[in-house]
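Visitor: Below are the chains, spelled out letter by letter.
Number of protein chains: 2
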Amino acid sequence: MAVKFGKQSYKLSGRIYINETACIVGPREKEGPLGEYFDQVEREDYGEDTWEKGEAHYIEATFNKLMGKISLDTKQIDCVFSGDLLNQCMASAIGLKNSNVPFLGLYGACSTMAESMLCASLCMDSNAMTDTIAITSSNFCSAEKQYRFPLELGGQRTPTSQWTVTASGAVYLSCNKSGAVEELKPYIESVTIGKIENYKINDVNNMGAVMAPACASTILSHLRDLSRTPDYYDLILTGDLGYTGSKILLEIMSMHGNDISTRHNDCGKMIFDSASQDTKSGGSGCGCAAAVFTSYIYKLLKNLNLRRVLFVATGALISPVMVKQGEDLLAISHGISIEI
Amino acid sequence: MAVKFGKQSYKLSGRIYINETACIVGPREKEGPLGEYFDQVEREDYGEDTWEKGEAHYIEATFNKLMGKISLDTKQIDCVFSGDLLNQCMASAIGLKNSNVPFLGLYGACSTMAESMLCASLCMDSNAMTDTIAITSSNFCSAEKQYRFPLELGGQRTPTSQWTVTASGAVYLSCNKSGAVEELKPYIESVTIGKIENYKINDVNNMGAVMAPACASTILSHLRDLSRTPDYYDLILTGDLGYTGSKILLEIMSMHGNDISTRHNDCGKMIFDSASQDTKSGGSGCGCAAAVFTSYIYKLLKNLNLRRVLFVATGALISPVMVKQGEDLLAISHGISIEI
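Chains A and B supply the protein sequences, listed in that same order.
Here the first sequence is numbered in the working numbering, starting from 1 and rising by one per residue.
Here the second sequence is numbered in the working numbering, starting from 1 and rising by one per residue.
Hints were generated in silico from the structure; no laboratory data involved.
In this text the structure is predicted, and so the values were computed from the model without any measurement.
Do not take every clue at face value.
Copies of the same chain look alike in the list, so a pair counts if it works inside one copy or between any two.
To be verified - Taking lysine-lysine and the DSSO-like style, the derived pairs with C-alpha atoms no more than 27 Å apart in a straight line are: (1) Lys4 / Lys324; (2) Lys4 / Lys280; (3) Lys324 / Lys65; (4) Lys324 / Lys75; (5) Lys200 / Lys185; (6) Lys11 / Lys247; (7) Lys324 / Lys69; (8) Lys145 / Lys75; (9) Lys65 / Lys75; (10) Lys324 / Lys145; (11) Lys177 / Lys4; (12) Lys324 / Lys97; (13) Lys4 / Lys30; (14) Lys177 / Lys11; (15) Lys302 / Lys30; (16) Lys302 / Lys65; (17) Lys97 / Lys247; (18) Lys4 / Lys200; (19) Lys185 / Lys4; (20) Lys65 / Lys247; (21) Lys177 / Lys324; (22) Lys69 / Lys145; (23) Lys324 / Lys7; (24) Lys97 / Lys11.
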């Protein structure tokens, strides 16, 4: 049974295991430093005639890959929690339309991987569900088209801009029904629900700066709620602040007396070699945190190279329409503590 | 503790009460048959300079109205579950940016009122949360602009088209911490999570036909999972199928041996007097089911005129981009059983 700590955090029963993951990425991600850890590489359009259909195909294929790995029938999955960046979360709906699994749609922008795992684990902690899937995606081309300019325009990118990751990542969560402790499986120990933060930053080419304060807010709440210091964790994994946002995060954390510099890394910094791949401030998109967590980080956890990870996915709650209407750029960040 | 029944349904502990509701509507809704039951009426733009900002203002004002009614501090609210129809769910983000409450964003199209109450109640059943708010909105003008044509174009409407409701509705859910049964408060007895359904209907002016099969699927699953017949309920309240969709729903239910005609009503049929208000097949939008449920239906429950209601909100998972790309129109429907 979940127990609330402080204002935003919940300690779970310790029975909700991250049992398996799957991840499919695009060619640029495969060429990056984590290339060897991804399950599969596909063209950015996945052979479809539009980027949006391509992104939906990523979700469908990642869902199917995960189902293949866990050798369960879809009937045994209680619910899939999914969302993405496309208007009306279309990649999720189309990608999962043939899944025949109860579906709860989420919108948390690039925080979706954490939000979906968080919602799933709270629903599982009530004993209601025992087997769930959390999944998300993003696609460089569909995101550029929707949020910025058509690729054909060949727009210049600012140094603070981030490169939307083409990927889908999925997690299979399951409860150990017997209540027995499974020694060698990572489990979700606690979660911290984010608040919408508004720091009145209005540069749409600097999402790192928009999201960093929301990320800091969630990490600080998590530490305060659970009476922890940063050294409780082997890794505080944020995603996806990139280089600019990560620098700001460390500064804010320092201002609040928490030096996390020795144990922090960011999915946006890890997925590309920014210098050689020309991805400016790093990776972004729901697929960024999803791809890094479900591949490299999950492997480090399974191999006991990491024993305690605070995974804090960050999302900018922006829409092109609201930007044009002069609204503030909002952000949110959800946190999940994973232990093994 | 929630117990799963069948493939999609969960019986809750009976401690999650619908403690209070709030609802703000536009002028057309106020002029409709349920006008007297709404808390407040506002201009469609709520005094803002764009429809989108107006819709966000509806959410903010409805949230504040609800908080005023329950006389709690926002610090006492564990989480707000919210979503809407605007791209990137902007009405929810902007409307709640000053709330300072932990936020989980959802996307369920017009099923959002049921989806948000469902997610909230599953999170509360784990004891994690005790006080939550579920809220959603829609706006005729912002929806027309985004999904169809600018209003200035003066487009003709087909007989099967529905009129997006301008409204925001919110529900305050709370657990009785002592475990004592509260006799005169409606509570969420069970929930049924919908699946994405695809009946290959591709008329964007006939959302009722797109959603009716998903609605029937969820009602049939609910009845089968919990071994109930339709006469268990005083009212099976769907929303928002309108006249066309309701007719199709009754036909599908009959084909499956369930005559629900004597106990069915639909939020899309109830909110307008279609003949005099020229709203064609009826109301639609997240705000339709939200407004009808949080005003008239909640009052009937509180007054014991209804004792068992199955509330099944229906959503079309469509985006204008995917429609132009020839994708099938998808739908989902989530069910909540409310008793007093």
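Visitor: Hint by hint, say whether it matches the structure.
Guide: Here is what the structure says about each hint:
1. Lys4 / Lys324: neither (39 Å within a copy, 46 Å between copies)
2. Lys4 / Lys280: neither (40 Å within a copy, 48 Å between copies)
3. Lys324 / Lys65: For lysine 324 and lysine 65, neither the intra-copy (39 Å) nor the inter-copy (29 Å) Cα distance is at most 27 Å.
4. Lys324 / Lys75: Cα proximity of lysine 324 and lysine 75: none, with 44 Å in one copy and 33 Å across.
5. Lys200 / Lys185: Neither, since 41 Å and 42 Å both go past 27 Å.
6. Lys11 / Lys247: Neither: 29 Å inside a chain and 47 Å across chains, both beyond 27 Å.
7. Lys324 / Lys69: Neither, since 44 Å and 35 Å both go past 27 Å.
8. Lys145 / Lys75: Neither, since 36 Å and 39 Å both go past 27 Å.
9. Lys65 / Lys75: Answer is within; shortest intra-copy Cα gap is 16 Å, inter-copy 42 Å.
10. Lys324 / Lys145: both (16 Å within a copy, 15 Å between copies)
11. Lys177 / Lys4: Cα proximity of lysine 177 and lysine 4: in one copy and across copies (23 Å, 14 Å).
12. Lys324 / Lys97: between (33 Å within a copy, 18 Å between copies)
13. Lys4 / Lys30: Classified as neither: same-chain Cα gap 40 Å, cross-chain 41 Å, threshold 27 Å.
14. Lys177 / Lys11: Both. Shortest intra-copy (19 Å) and inter-copy (18 Å) distances satisfy the 27 Å Cα cut-off.
15. Lys302 / Lys30: within (22 Å within a copy, 58 Å between copies)
16. Lys302 / Lys65: within (19 Å within a copy, 49 Å between copies)
17. Lys97 / Lys247: This pair counts as between: shortest inter-copy Cα distance 25 Å, intra-copy 40 Å.
18. Lys4 / Lys200: Neither, since 31 Å and 45 Å both go past 27 Å.
19. Lys185 / Lys4: both (24 Å within a copy, 25 Å between copies)
20. Lys65 / Lys247: neither (36 Å within a copy, 40 Å between copies)
21. Lys177 / Lys324: Cα proximity of lysine 177 and lysine 324: none, with 51 Å in one copy and 46 Å across.
22. Lys69 / Lys145: neither (33 Å within a copy, 44 Å between copies)
23. Lys324 / Lys7: Neither way: lysine 324 and lysine 7 sit 34 Å apart in one copy and 45 Å across, limit 27 Å.
24. Lys97 / Lys11: between (33 Å within a copy, 26 Å between copies)
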